[in-house]
Amino acid sequence: MRSAAGTILIKICEFALTALLVSFFTFIAFSVIPGDPARVMLGTDASEEQVENLRAELGVDRPLSVRYLDWLGGALKGDLGDSLSFRTPVNELIKSRLPVTLGMSLMALIIVLIVAFPMAAVCASRPGSLTDRIVSAFGHVLFAVPAFALSMLLILLFTKAFGIYTAGRYTAPSDDAGKYIASLLLPSVCIALPKIAMTFKFLRASMIEFSASDFARTAKSHGLTDLKILLTHIIPNSAVSSVTVISLVLSDIMGGSLIVEQVFNLPGLGRLLLSAISRRDFPLLSGIVFYLALITVILYFLSDVINAAIDPRIRDGRSL
Amino acid sequence: MRYKGNILEVKGLTLTVSNNGEPGAVILNGLSFAVRTGEIMGLIGNSGSGKTMTALAVSGLLSDFAKIESGQIIFEGEDLTAKTAKERRKLLGEKIGVIFQDPSSALDPLQTVGSNLAEILRVRNLDKEAGRRQVLDMLRIVGFEDPEQIASRYPHRLSGGQRQRVLIAGAALMKPSLLIADEPTSSLDTVTSMSIMQLLHEMCQEMGISILFISHNLNAVRNFCDRVMVMKDGTVIDSDTSWDIMGQPRSAFTADLLAKSRLDPDKLGLTAGKAADDAPCVLSVKDLSAGYSNGALLRKSSRTVIRDITFDIKEGDCLGLIGSSGCGKTTLIKTLLGLIRPSSGSIEKNGRIAAVFQDPATSLNPAHTVRWHLNEALKASGRNAGGDKDSLFIRTLNETGLAEEHLHRFPAQLSGGQRQKVAIAMCLIGEPSAIIADEPFSALDAASQASVIKLLSDINRERKTTMLIVSHNLRVIRAMCSRVIVMNDGVIVESGDTASVLSAPATETTRMLLDARMYGV
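Which chain is which? The protein sequence lines are A and B, in order.
So the first sequence is numbered by the numbering used here: it starts at 12 and just counts up by one.
So the second sequence is numbered by the numbering used here: it starts at 495 and just counts up by one.
Among the hints, a few may not be true.
Away from chain A, derived, C-beta distances all over 10 Å, residues of chain B [as the list claims (entries may be wrong)]:
1) 499
2) 573
3) 650
4) 697
5) 861
6) 926
Computed cross-link-like contacts, SDA-like style, restricted to lysine to any residue with a CA-CA straight-line distance of at most 25 Å [said to hold, decoys possible]:
7) A/239 to B/624
8) A/239 to B/500
9) B/584 to A/106
10) B/622 to A/320
11) A/239 to B/647
12) B/577 to A/222
13) B/580 to A/236
14) A/212 to B/861
15) B/580 to A/133
16) B/584 to A/219
17) A/239 to B/648
18) A/106 to A/90
19) B/761 to B/957
20) B/584 to A/236
21) A/239 to B/616
22) B/561 to A/222
23) B/828 to B/874
24) B/561 to A/315
25) A/239 to B/557
26) B/580 to A/212
27) B/577 to B/500
28) A/239 to B/626
29) A/22 to A/90
30) B/726 to B/1006
31) B/622 to A/238
32) A/239 to B/646
33) A/239 to B/596
Covered stretches of chain A (chain B as the covering partner; in silico rule of three or more C-beta atoms under 8 Å from a C-beta of chain B) [stated by the list, open to error]:
34) 190 to 203
35) 242 to 253
Bear in mind the hints are in silico, worked out from the structure with no lab data behind them.
All C-beta atoms in this analysis are idealised placements derived from N, C-alpha and C, irrespective of residue type, glycine included.
Based on the provided sequences and hints, a complete structural model is requested.
Now the structure itself:
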């Protein structure tokens, strides 16, 4: 068995490697796409000399490899540099946007879990029944609708028809926590719905599988009721197999949130990312990608920890 | 309070199983039998004879596809078929206990043994401390010396035999009046299954539990059951005291079953495969050690499972390999097949070596037909089949006792014995010089066992294909192998002529394996 400290050390190394690779590939991709940050900032009317001056000022006249190593050196010290287009530290920019994306993703995940688990449990307890078929069909429909289409539909419904929501209004959590949650609720639902379908389908299959398992049969032979067997044996066991899937869903949710932010006009990482790409703002782009990679690695780490907490077989050394 | 009279009476039970909404196949056909209070009733028969369905019908654990068409199941004077599902479930927790075949997955892997067992008492609203004491007491009764430690362990850390003991403890905790044991020992090795059967026997006598003991092994029930009945096609065809059935079987079917499970070499026409004195060596193993390693780059731990193994097999020889579970038999096989890299020593092979594994249900790909499997085996062997592959496939199938019609079947459309024959045909396609068979019979019923054994023995004799047979069934080894090696704890403890090793065992390991056989397992 590996010690906890050793495990964490390995995870940190894994993260460092992931971040390095991710930033490297972002750098390569950036050197391939045409466009110049100075030109973008000054517009097409600016003279060649003006552009050259700005390029020197921004430091983008140096070779890409030099700029990358320069950036990497700063990143190692925790300094992601200054954004070329906003002229402010990348760290600050990201910090102000992070609560939107993270909050929305977290809320979406909670919605996914509290809806998908009971749905799956109901369907799995009587597979093939009318309820199962209706709920499964509903799931398929949700699965098929893209998040952005759903977003527009819900905006239309809640702003025009019910008049209880204003798109684009965002309150920072430090100002008013209640309003912060309220402003992110509808976008979270939009991200969550397609993912509910995905998680539900997986959970349902795994619960049906575990209902037919030998230990469920043993529990029956011990005289436990079906409900009790579902709660004490089937749900915990399918939770183990779903943790990995749920962590995949969560990174999917993060991706979904980038799109939904755009539709709801929320100041999140997604919009920042888009503007970084369109303005050829390499430090900002790398910074955002770096943060997203960090979050993903942390998520996977957490899912491993949760799995180990539930499943003794994993604790017993089968790779954490 | 013991119930007077027959604790269980099944009268004219007919049961069908429907398949995708189609009208059902008849699984139990007017089944009638009775279990007397306080006795152990053996129920034997081949796979598909309806033994397990009987167990499920009596315990009320039938799936939704199975339907009781007619008949009664009278338990302690009450007709169970007239009860609601809820009442039946309640009865399960109180008066009827069940132990199933495969203990490996019958406990919830996420809970400790203690909490797996405690749930039984929680159903009865027993307070926690009293419940814990009862669980520990019961674990002691089933033979654990340190019950507290066992209770705190998770199931995956227990051996198969330990898990089956835990499950028996679970069934006994309910203090049932009837215990249904469905092949409780068939996945365990000989020595372990003997101790499990002894345990069941003691529980029957000391706690007054009546037992319905289901098995496909006639020898297993011989010294253990008060009475035996034989099932075929959903009905009981022979039923009497244990002794009479064994001594003078009334029906031809029982006589046949008996002969097959005894593996009488004369009746089956078996001869032990023996190499000619000047035959070349096919497999030569010298000072072989191997084991498993864990962990990735940073920290590596390794465990040596087999040590200093040395033996030779000559062409046409049939070598038996015996030993209880965990002695390293499977590790040795995997190393010989190149699935594990040896840590030291050498393996010299002369020609191709093919393998047949224990469980034919999982070793074939369910999505493909027999033809596909044979074709894969042919490709893997690199052998040139000439023009007509299909005629080669059919010839090979015929040799294993299968017919042309099986060529386009899927594994699910074959019986266990037929699947194992497909696995053997896959070996034969490559014309190997040796076949390694790892417990190839233990998942099969007596009749299929006998036919697969006969097949391997014939191949050995006619094709001069060398065999290495791993089995914990000494009857098989005696009938097929001219030489035997005995393993214990990763090393070879004894080897030599089968007859002399088994008649005059020199080590405790061999003696224990023989004792288990004497008990009739």
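> Among all the numbered hints in the text so far, which are the ones the structure does not match?
Replying inline: 3, 8, 9, 24, 26, 30, 34
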